[in-house]
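Engineer: Sequence:
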Amino acid sequence: MKQVDLSLLADEFVFTVNNFSFVENFEIAKTNVHLWMDLAFFNLRNDLKFNMEKILENFHRIAEQNPICFADIRGFDFIQKNNFDNILDMNYLCLGKDINVSNTLYLDIDKPMTGFYTVVQYAIAVAIYMGFNEIYLLGCDSTGIMDSINKALNISITDDHAYHDEDSENNQKQLLQNLGMTRLFFNHYALLKGYDSLNYACYNLLNIKLVNCSAKTIITSIPRADLLTVLKTPKM
Numbered sequence: 001m002k003q004v005d006l007s008l009l010a011d012e013f014v015f016t017v018n019n020f021s022f023v024e025n026f027e028i029a030k031t032n033v034h035l036w037m038d039l040a041f042f043n044l045r046n047d048l049k050f051n052m053e054k055i056l057e058n059f060h061r062i063a064e065q066n067p068i069c070f071a072d073i074r075g076f077d078f079i080q081k082n083n084f085d086n087i088l089d090m091n092y093l094c095l096g097k098d099i100n101v102s103n104t105l106y107l108d109i110d111k112p113m114t115g116f117y118t119v120v121q122y123a124i125a126v127a128i129y130m131g132f133n134e135i136y137l138l139g140c141d142s143t144g145i146m147d148s149i150n151k152a153l154n155i156s157i158t159d160d161h162a163y164h165d166e167d168s169e170n171n172q173k174q175l176l177q178n179l180g181m182t183r184l185f186f187n188h189y190a191l192l193k194g195y196d197s198l199n200y201a202c203y204n205l206l207n208i209k210l211v212n213c214s215a216k217t218i219i220t221s222i223p224r225a226d227l228l229t230v231l232k233t234p235k236m
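The opening residue of the sequence shown carries number 1 in my numbering; numbering runs sequentially from there.
Be aware that one or more of the hints could be misleading.
Simulated crosslink set (DSSO-like; lysine-lysine; CA at most 30 Å straight-line) [to be verified]:
#1 K111 / K81
#2 K209 / K173
#3 K232 / K209
#4 K30 / K209
#5 K232 / K97
#6 K49 / K30
Calculated directly from the structure, the hints in this document are not laboratory data.
Can you build the whole structure from these sequences, using the hints too?
Structural biologist: If you want it as structure tokens, here you go:
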């Protein structure tokens, strides 16, 4: 993602997530929809605590782009307390059955929907609900488990984020201490299962083209394509 020329996305309908506002020149991408789903963004996790000063700055930076925003309904009080509902076009997602306990995907965001393990999958669900028939992913490498392994081996974590994240080491330390490697591997399995299920639904049930244009990725269930080739291809 660091190597992507964001100006290439200026004429596209762009979904962004989490701390995207800390990507250099992020405003060039002209975010249309932004999502926060991790409860740590709302200071609601016991196993992981974010730098809240940085998180509050991120909310304000995203607000300057005036996108449609989505968050877990459990973040409602945090949004209200910090008056973000006055500067953000906030919408809330209510979660139902977890991806690991249901063989059926619930993607109607007007109702309790399937609980996923990454914000990207919620973004895909919102895009499906909004009627897009082509969805392209960027920066979806899903290599977070490698950071957990490196942390367990006391190997310094390489910053793979599209933005500089000095908190990565501390975040991984917290997760390893509080969840343990067994749970972290289970969570990563669930994350990959979510991509498998969404890919199957898109291609076999919904007639939607879902493509991963990330430069590197361990997601094997979603077809790959080069971003520049996709952008040069005439839209249907």
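Engineer: Take the hints in turn and mark each one as holding or not.
Structural biologist: Against the structure, the hints:
About 25 Å separates the Cα atoms of K111 and K81, which keeps this hinted pair within 30 Å; it holds. This hinted pair does not check out: K209 and K173 have alpha carbons roughly 37 Å apart, beyond 30 Å. A C-alpha spacing of about 16 Å is found between K232 and K209, which places the hinted pair at or below 30 Å, so the restraint holds. In summary, the hint linking K30 to K209 is supported, as the alpha carbons are separated by about 23 Å, within the 30 Å threshold.
Taking the CA atoms of K232 and K97, the gap is about 39 Å. The hint is violated against a cut of 30 Å. Of the supplied pair hints, the one linking K49 and K30 holds, its CA atoms being roughly 29 Å apart against a limit of 30 Å.
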